[in-house]
Amino acid sequence: MRRVALVALLLPLCACGGGEDAGSSDDDRTITVLAAASLTDVFEQLATPFEEEHGVDVTFSFGSSTDLAELAADGAPGDVLATADATSMGLAEDAGVTGDVETFATNVLTIVVPEGNPAGIESLDDLDGSTWVRCADEVPCGKVARAVLEAAGVTAEPVSLEEDVRATLDKVVSGEADAGLVYATDAVAAADDVDAVEIPGAEDALTSYVAATLEQSTDADLAADWVAWLRSEEGREILDDAGFGSP
Amino acid sequence: MRDRLGRPPALLVVPAVVATLLLLVPLVAMVASTDWQALPDHLTSRTALDALRISLLTSTVAIAFCLLLGLPLAWLLARVDFRGRGALRALVTVPLVLPPVVAGVALRSAFGRTGLVGEPLLEWTGFAFPFTTWGVVLAHVFVSMPFVVIAIEGALRSADPRYDDAAATLGATRWTTFRRVTVPLALPGVVAGTVLGWARSLGEFGATITFNGNYPGTTQTMPTLIYVTRQADQDAALSLSLVMLLVSIGVLVALRDHWLGTP
Numbered sequence: 001m002r003r004v005a006l007v008a009l010l011l012p013l014c015a016c017g018g019g020e021d022a023g024s025s026d027d028d029r030t031i032t033v034l035a036a037a038s039l040t041d042v043f044e045q046l047a048t049p050f051e052e053e054h055g056v057d058v059t060f061s062f063g064s065s066t067d068l069a070e071l072a073a074d075g076a077p078g079d080v081l082a083t084a085d086a087t088s089m090g091l092a093e094d095a096g097v098t099g100d101v102e103t104f105a106t107n108v109l110t111i112v113v114p115e116g117n118p119a120g121i122e123s124l125d126d127l128d129g130s131t132w133v134r135c136a137d138e139v140p141c142g143k144v145a146r147a148v149l150e151a152a153g154v155t156a157e158p159v160s161l162e163e164d165v166r167a168t169l170d171k172v173v174s175g176e177a178d179a180g181l182v183y184a185t186d187a188v189a190a191a192d193d194v195d196a197v198e199i200p201g202a203e204d205a206l207t208s209y210v211a212a213t214l215e216q217s218t219d220a221d222l223a224a225d226w227v228a229w230l231r232s233e234e235g236r237e238i239l240d241d242a243g244f245g246s247p
Numbered sequence: 001m002r003d004r005l006g007r008p009p010a011l012l013v014v015p016a017v018v019a020t021l022l023l024l025v026p027l028v029a030m031v032a033s034t035d036w037q038a039l040p041d042h043l044t045s046r047t048a049l050d051a052l053r054i055s056l057l058t059s060t061v062a063i064a065f066c067l068l069l070g071l072p073l074a075w076l077l078a079r080v081d082f083r084g085r086g087a088l089r090a091l092v093t094v095p096l097v098l099p100p101v102v103a104g105v106a107l108r109s110a111f112g113r114t115g116l117v118g119e120p121l122l123e124w125t126g127f128a129f130p131f132t133t134w135g136v137v138l139a140h141v142f143v144s145m146p147f148v149v150i151a152i153e154g155a156l157r158s159a160d161p162r163y164d165d166a167a168a169t170l171g172a173t174r175w176t177t178f179r180r181v182t183v184p185l186a187l188p189g190v191v192a193g194t195v196l197g198w199a200r201s202l203g204e205f206g207a208t209i210t211f212n213g214n215y216p217g218t219t220q221t222m223p224t225l226i227y228v229t230r231q232a233d234q235d236a237a238l239s240l241s242l243v244m245l246l247v248s249i250g251v252l253v254a255l256r257d258h259w260l261g262t263p
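Line by line, the protein sequences are chains A and B. UniProt numbering puts the first residue of the first sequence at 1, with every later residue one more than the last. UniProt numbering puts the first residue of the second sequence at 1, with every later residue one more than the last.
If you are wondering where the hints come from, they were derived from the structure by calculation, not from laboratory data. All of these numbers come straight from a predicted model, not from anything done at the bench. Among these hints, one or two may not hold up.
Stated by the list, open to error - Stretch-level coverage of chain A by chain B, calculated; a stretch enters the list once three of its residues show a Cβ under 8 Å from a Cβ in chain B:
1) 57 to 69
2) 135 to 143
3) 160 to 168
As the list claims (entries may be wrong) - Sample of chain A residues facing chain B (criterion: CB under 10 Å; computed from the structure):
4) P114
5) E157
6) A177
C-beta: ideal position from N, C-alpha, C; glycine also.
Model the full assembly from the supplied sequences, consistent with the hints where possible.
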């Protein structure tokens with residue numbers, strides 16, 4: 001019943017989005033990739049060569065991993081699911097809607113500060129007393145942040161627990177927060193607006209990105225091609241440039 | 001009377017039924033899918049109670065500000081002839097049609113720590129709105145004010161201005177007339193506008209999370225709590241949604257009986 005209610009609420013929204021995208025393409029072959037917010041920039045970059053090579057359209061729905069996994073589990077339209085940790089992928093796996101789950105990248109947590117570091121944040125210890133933000137415990141980047149903070153014995157409280165990593169980054173980019181805990185790749189993506197401060201020992205709480213094709217895919221071959229593309233040599237290079245580690 | 005007019009035409013009844021179903025089915029489905037056994041645990045958790053407290057507090061304070069500032073603005077729009085009145089009325093309605101996220105971005109540009117007003121404010125007083133309960137109130141005032149102003153202005157317009165004239169003839173100042181004649185005559189509309197604005201404020205989410213973020217005990221309102229909880233525990237999110245539904249219905253029913261006098 002819960003499922004039915006959710007799908008009934010969400011399906012019309014998804015249908016609208018899909019309709020627009022399909023209309024803009026002459027070619028009928030399109031896949032939709034549901035992907036973690038932290039993959040936003042790199043997936044856009046990965047899409048261009050893939051689209052050229054296959055003569056297809058790739059559309060994205062970016063959001064928090066858990067959110068997207070829940071949607072996929074509820075049968076939301078989509079061909080590939082890529083999440084920022086295995087736990088959220090598990091939500092979709094448990095619902096039996098995924099193909100083989102493949103790890104394709106890793107990421108590490110870092111501190112970001114507005115350009116010029118106005119609050120002078122040099123380490124996790126400096127967070128105490130500053131206006132800083134991190135992800136909520138419910139989403140992968142929040143789980144990693146908590147693990148890193150606990151390992152470092154930092155008890156400082158953030159001013160906000162953001163709904164996903166891009167919202168966290170946004171609070172720092174806009175200058176509202178003195179510092180934020182985001183992935184190293186987010187710091188690369190926003191390098192024009194923020195400076196990164198490395199966290200010693202953050203590698204111990206590495207996060208792994210996983211991808212899987214979805215049962216509800218309307219083009220299973222193309223969906224599988226996308227997952228393979230993420231693990232290909234060429235795809236690896238693009239991921240490297242964006243700051244993602246190899247699995 | 002009803003018989004003489006004939007049966008209501010199907011052309012009107014069918015869409016009316018569809019409209020009713022459209023509004024009710026999602027709510028019924030939500031209630032039906034609630035996990036009743038886990039409900040007490042979900043509702044008595046510290047975070048849930050904090051969020052409910054913040055929600056009720058901020059929306060009530062916000063509506064007080066809306067009334068304090070919005071009632072005079074509504075009066076100005078309804079009763080005073082001045083150049084640019086039409087333009088001002090149009091401007092007041094803009095936040096009404098603005099997507100809440102855009103409202104949040106706009107508030108940040110104005111009252112954020114590097115914002116137009118926010119930066120000098122921070123320099124002079126050391127206070128910044130973002131990430132504080134006052135920031136939530138500010139966001140609520142911004143999104144609710146148009147509802148209050150538009151509703152009250154409508155009520156003031158439909159109250160006969162000749163009573164104002166009569167009061168003036170009898171020697172009342174414009175302030176006395178406003179206080180003793182205009183507002184009492186339009187009171188049901190004023191109350192309706194207040195309730196509408198309060199309801200909008202209680203449900204406000206997009207502007208709040210964009211402008212203030214989300215932290216239990218300071219900025220986390222029920223809608224933001226529901227939003228983040230949904231990512232980890234759908235059942236808990238449903239229980240919390242049910243509370244919002246009950247609070248909203250409760251207040252609307254109470255106010256309807258006590259104030260609005262409609263059946």
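Establish whether the coverage given for the region 57 to 69 of chain A by chain B is satisfied; the threshold is a Cβ-Cβ distance below 8 Å, and no fewer than three residues must meet it.
holds (count 3)
Using a Cβ cutoff of 8 Å, are there at least 3 residues of the region 160 to 168 of chain A near chain B, or does the coverage claim fail?
Three-residue rule met by the region 160 to 168 of chain A, so holds; n is 5.
Close enough to count: is the Cβ of E157/A nearer than 10 Å to one in chain B?
holds, 8 Å
Would you check whether P114/A satisfies its interface hint, that is, whether its CB is within less than 10 Å of any CB in chain B?
holds, 9 Å
Checking hints one by one. Is A177/A an interface residue toward chain B, by the C-beta closer than 10 Å rule?
Given a least distance of 8 Å, the restraint on A177/A holds.
Tell me whether the statement that chain B covers the region 135 to 143 of chain A is true, taking a Cβ distance below 8 Å and needing three residues at minimum.
holds (count 4)
In this structure, every one of the numbered hints holds.
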